[in-house]
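A.B. asks: Each chain, letter by letter, is given below.
Number of protein chains: 2
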Amino acid sequence: MSRITGLSTADVRFPTSLMLDGSDAMNPDPDYSAAYLRVDTDADDGLTGHGFVFTIGRGNDVQVAAIDALAQHLTGQDVEALLADMGGTWRSLVHDSQLRWLGPEKGVMHMAIGAAVTALWDLKAKRTGQPLWRLLAAMSPEELVDLVDFRYLSDALTRDEALAILRAAEPGRAEREAALVREGYPAYTTTPGWLGYDDEKLARLCREAVAEGFTQIKLKVGADLADDVRRLKLAREAVGPGIRIAVDANQRWDVADAIAWVTALAPFDLAWVEEPTSPDDVLGHAAISRGIAPIPVATGEHMANRVMFKQFLQADALQVLQLDATRVAGVNENIAILLLAAKFGVPVCPHAGGVGLCEAVQHIAMFDFVAVSGTREGRLIEFVDHLHEHFVTPVEVGDGRYRTPLAPGAGTEMLAASLAEYTVGAHG
Amino acid sequence: MSRITGLSTADVRFPTSLMLDGSDAMNPDPDYSAAYLRVDTDADDGLTGHGFVFTIGRGNDVQVAAIDALAQHLTGQDVEALLADMGGTWRSLVHDSQLRWLGPEKGVMHMAIGAAVTALWDLKAKRTGQPLWRLLAAMSPEELVDLVDFRYLSDALTRDEALAILRAAEPGRAEREAALVREGYPAYTTTPGWLGYDDEKLARLCREAVAEGFTQIKLKVGADLADDVRRLKLAREAVGPGIRIAVDANQRWDVADAIAWVTALAPFDLAWVEEPTSPDDVLGHAAISRGIAPIPVATGEHMANRVMFKQFLQADALQVLQLDATRVAGVNENIAILLLAAKFGVPVCPHAGGVGLCEAVQHIAMFDFVAVSGTREGRLIEFVDHLHEHFVTPVEVGDGRYRTPLAPGAGTEMLAASLAEYTVGAHG
Numbered sequence: 001m002s003r004i005t006g007l008s009t010a011d012v013r014f015p016t017s018l019m020l021d022g023s024d025a026m027n028p029d030p031d032y033s034a035a036y037l038r039v040d041t042d043a044d045d046g047l048t049g050h051g052f053v054f055t056i057g058r059g060n061d062v063q064v065a066a067i068d069a070l071a072q073h074l075t076g077q078d079v080e081a082l083l084a085d086m087g088g089t090w091r092s093l094v095h096d097s098q099l100r101w102l103g104p105e106k107g108v109m110h111m112a113i114g115a116a117v118t119a120l121w122d123l124k125a126k127r128t129g130q131p132l133w134r135l136l137a138a139m140s141p142e143e144l145v146d147l148v149d150f151r152y153l154s155d156a157l158t159r160d161e162a163l164a165i166l167r168a169a170e171p172g173r174a175e176r177e178a179a180l181v182r183e184g185y186p187a188y189t190t191t192p193g194w195l196g197y198d199d200e201k202l203a204r205l206c207r208e209a210v211a212e213g214f215t216q217i218k219l220k221v222g223a224d225l226a227d228d229v230r231r232l233k234l235a236r237e238a239v240g241p242g243i244r245i246a247v248d249a250n251q252r253w254d255v256a257d258a259i260a261w262v263t264a265l266a267p268f269d270l271a272w273v274e275e276p277t278s279p280d281d282v283l284g285h286a287a288i289s290r291g292i293a294p295i296p297v298a299t300g301e302h303m304a305n306r307v308m309f310k311q312f313l314q315a316d317a318l319q320v321l322q323l324d325a326t327r328v329a330g331v332n333e334n335i336a337i338l339l340l341a342a343k344f345g346v347p348v349c350p351h352a353g354g355v356g357l358c359e360a361v362q363h364i365a366m367f368d369f370v371a372v373s374g375t376r377e378g379r380l381i382e383f384v385d386h387l388h389e390h391f392v393t394p395v396e397v398g399d400g401r402y403r404t405p406l407a408p409g410a411g412t413e414m415l416a417a418s419l420a421e422y423t424v425g426a427h428g
Numbered sequence: 001m002s003r004i005t006g007l008s009t010a011d012v013r014f015p016t017s018l019m020l021d022g023s024d025a026m027n028p029d030p031d032y033s034a035a036y037l038r039v040d041t042d043a044d045d046g047l048t049g050h051g052f053v054f055t056i057g058r059g060n061d062v063q064v065a066a067i068d069a070l071a072q073h074l075t076g077q078d079v080e081a082l083l084a085d086m087g088g089t090w091r092s093l094v095h096d097s098q099l100r101w102l103g104p105e106k107g108v109m110h111m112a113i114g115a116a117v118t119a120l121w122d123l124k125a126k127r128t129g130q131p132l133w134r135l136l137a138a139m140s141p142e143e144l145v146d147l148v149d150f151r152y153l154s155d156a157l158t159r160d161e162a163l164a165i166l167r168a169a170e171p172g173r174a175e176r177e178a179a180l181v182r183e184g185y186p187a188y189t190t191t192p193g194w195l196g197y198d199d200e201k202l203a204r205l206c207r208e209a210v211a212e213g214f215t216q217i218k219l220k221v222g223a224d225l226a227d228d229v230r231r232l233k234l235a236r237e238a239v240g241p242g243i244r245i246a247v248d249a250n251q252r253w254d255v256a257d258a259i260a261w262v263t264a265l266a267p268f269d270l271a272w273v274e275e276p277t278s279p280d281d282v283l284g285h286a287a288i289s290r291g292i293a294p295i296p297v298a299t300g301e302h303m304a305n306r307v308m309f310k311q312f313l314q315a316d317a318l319q320v321l322q323l324d325a326t327r328v329a330g331v332n333e334n335i336a337i338l339l340l341a342a343k344f345g346v347p348v349c350p351h352a353g354g355v356g357l358c359e360a361v362q363h364i365a366m367f368d369f370v371a372v373s374g375t376r377e378g379r380l381i382e383f384v385d386h387l388h389e390h391f392v393t394p395v396e397v398g399d400g401r402y403r404t405p406l407a408p409g410a411g412t413e414m415l416a417a418s419l420a421e422y423t424v425g426a427h428g
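Residue numbers (this note's numbering), protein chains in the order written: chain A, 1 to 428; chain B, 1 to 428.
Bear in mind the hints are in silico, worked out from the structure with no lab data behind them.
Check before you lean on any hint, since a few could be wrong.
Every beta carbon over 10 angstroms from chain A, so not counted as near; a handful from chain B, in silico [stated by the list, open to error]:
| no. | residue |
| --- | --- |
| 1 | Thr75 |
| 2 | Ala84 |
| 3 | Asp146 |
| 4 | Leu163 |
| 5 | Ala164 |
| 6 | Val210 |
| 7 | Glu212 |
| 8 | Asp227 |
| 9 | Val282 |
| 10 | Phe391 |
Partial pick of chain B residues on the chain A-facing surface, computed with a CB cut under 8 angstroms [said to hold, decoys possible]:
| no. | residue |
| --- | --- |
| 11 | Met109 |
| 12 | Glu237 |
| 13 | Pro241 |
| 14 | Arg244 |
| 15 | Asp254 |
These figures come from a predicted structure and were not determined experimentally.
Positions of the beta carbon are idealized from the N, C-alpha and C atoms, including for glycine.
For reference, chain A alone in the conformation it holds in the complex (with noise of 0.2 angstroms):
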């Protein structure tokens, strides 16, 4: 038996608002930054699970007392006992009542458990010698749903349901696991549409990324309308009619803006409108999927729970589903929110970019695609060529695709040296 002796946190900041890489129409100057967290315990084999949650900048330092705050729980507690009941050592972080009433379930505190919870299931799949989709993919229907909290889903979906879900996608798991790791999976990149860039370099990032085998590209909007056009006319004759644009207008919208402004860009041919609105706002989403229809709304990465992709789903508010690695409680809600979004068959684009969201969130995007979904159609993981060179195990993107990760772990760990650096505050 071994104990967790310990959590060590680090405030990591990069200071990319330098080069405003990451500027959009409501954030134009982040220093993408990383509230981080390593469990250590007092096993033999001296493994260490790591987790963070992706910020902006300021307020890291928020985000990393409330992790901190998380060591009441858990220094001292049995690993094995932790590790082998992941849906309730979930629940004994979420359902804590002095905590949850810090959100509930949403902000600092939830997300600070999502750091958590993912540093566990890191040091989980460590154990197992498995990168994680594979651990995930390896367990049992009945496994599987032990991990998800039903707690205010029952209206759209089940335990029986999701057990059904996933016993449905059983059989071929095998065949889907060997053309995972033969082919990997889809992308698109963000790279090109940053706000911040020039028109010259726009159409530059843009070329680049058909020639390097992107099919989908991705651009911000929002900040100015003459500025979208332009700058979507520049990027479809750099890219061809053969590419797939998204537009990302990162909430700036009312409901009202949001039709009138994607109705302008309409002719522009786009794959998706991302973040149109408030994330939670449900109805607004409602009307705008209405508004804009047969344009897709693509949305999930500021939204803070599974109970808010429920109602997305069931009010018809998104038609592509963009989790976040570290927006909500971790690997275990988000395996949630693939069974919602599997029950109402929409697709799944995991947001990504930022610090390790890319390394992060693709375990979860190939879990899905052998477990749960049973599917990559429709499907992209956003890449964003950004900090990887920070991570044990970054990325490697090659020819438009996510090559499928085989090192054991969650993908979540930054190197020594990088950490040492960037960590504020971090003597020596």
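Dock chain B against chain A, hints included.
C.D. replies: Just chain B now, kept in the frame of chain A:
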């Protein structure tokens, strides 16, 4: 001109779990706490602004850290400029893109901004020598709408519609203010109904509530149906048929459970059913509202922001709106919520209790009566008789009514002696 010289914060915790005060179906052992803030200036008047976030124990330190993170926005700022444009001040905090990422507009960071905004309102009210409710009620409709951020609201409430609501209420302001000072504002009491109290204590406190002049009490339910039936029967016998009894499930149920459970309790003549399920579940509450009509659904104390309130009103998912003084981003966002409620014709019965929530929220309800809805009809402020002795201007409740506060400020200042005694980790 004066400047903010600094924020002082305190992690204040009361050991209420020892008495099971505040126990309910989701929160068995709360330790009522406040993440407390004092804003100091270099003005000669020596006045300070006070605000806080109510929490129930663990994690209060995280909430304090979030308030501390606002020091960089406020320290050194021109006080007169901040207070003269409280709408702009609110936006400068809530729209900070990096802090916003931590919500957006929800959870720990959003509540921290609420504490800061309320502390500034407390300071402004003290500088004008007025209680907050009267300061607000003396502002013009134009000044009031300038306090509100209509982003994400315009599909339900525009600035012009809000102006029309406020202008329609202008003529009777003086008479209503006089009536308010003379008569106070109706209250209901939750004191009898905590889940941890035994039957004898429940019945005794019910009788006392009636003797004290309350016309409505509230009971916690949702842990065990047989217990709820027994307790409601006891309570109904103790208060008689003329007193309204509301029940509060504190988010315990899924949609179908809620409808079945409430149907079983309906014979006891329920005034409303509070928080039947997740506070994020607009569609779930709408289904419950349809399922238990004509019994009203009441919710709001855990609703993250104005976008959620907008949708609950659009979907007829609540029939009694329970805003909370410290859950959303302070006084400004609560004014937005009052305007939404007025637009949809729904009564506001604020959540209170906890630490200082009665002291703070009475100002919002009283301002609503004088200048927004123009009525007290069907409206009550929750009252719980706990912890008032720690405030400089504690509420005065008698004959089932809040006495109208006349002391300058927002009611949010705690006694220095209480802060010294209950601050965790403070020396001396």
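A.B. asks: None of the hints should be skipped; say for each whether it holds.
C.D. replies: Hints and how they fare:
Distance check on B/Thr75: its Cβ is at least 14 angstroms (rounded) from any Cβ of chain A, clearing the 10 angstroms threshold; non-interface status holds. The beta carbon of B/Ala84 is kept farther than 10 angstroms from every beta carbon of chain A, the shortest such distance being approximately 25 angstroms. For B/Asp146, the non-interface assignment is confirmed: its Cβ lies about 18 angstroms from the closest Cβ of chain A, beyond the 10 angstroms cut-off. Every Cβ of chain A is farther than 10 angstroms from the Cβ of B/Leu163; the closest lies at roughly 18 angstroms, confirming the non-interface assignment.
Residue-level check passed: B/Ala164 sits 19 angstroms from the nearest beta carbon of chain A, beyond 10 angstroms. No beta-carbon of chain A comes within 10 angstroms of the beta-carbon of B/Val210; the shortest separation is about 31 angstroms. The non-interface label for B/Glu212 is consistent with chain A: the shortest C-beta to C-beta separation is roughly 29 angstroms, beyond 10 angstroms. Every C-beta of chain A lies more than 10 angstroms from that of B/Asp227, the closest at about 19 angstroms, which supports listing it as non-interface.
Not every Cβ of chain A is farther than 10 angstroms from the Cβ of B/Val282; the closest lies at roughly 6 angstroms, contradicting the non-interface assignment. The Cβ of B/Phe391 sits about 21 angstroms from the closest Cβ of chain A, beyond the 10 angstroms cut-off, so the non-interface label holds. Using the Cβ-Cβ criterion of 8 angstroms, the hint placing B/Met109 at the interface with chain A is satisfied: the shortest such distance is roughly 6 angstroms. Hint status for B/Glu237 relative to chain A: violated, with the closest Cβ pair at about 31 angstroms, above 8 angstroms.
Given hint, B/Pro241 at the interface with chain A, is violated; its Cβ is 35 angstroms from that chain's nearest Cβ, farther than 8 angstroms. With 8 angstroms as the threshold, the beta carbon of B/Arg244 stays out of range of chain A, its nearest partner Cβ sitting at about 27 angstroms, so the hint is violated. A distance limit of 8 angstroms between C-beta atoms decides the matter here; for B/Asp254 the minimum to chain A is near 4 angstroms, and the interface restraint holds.
Hints 9, 12, 13 and 14, counting from the list given before, are not met by this structure.
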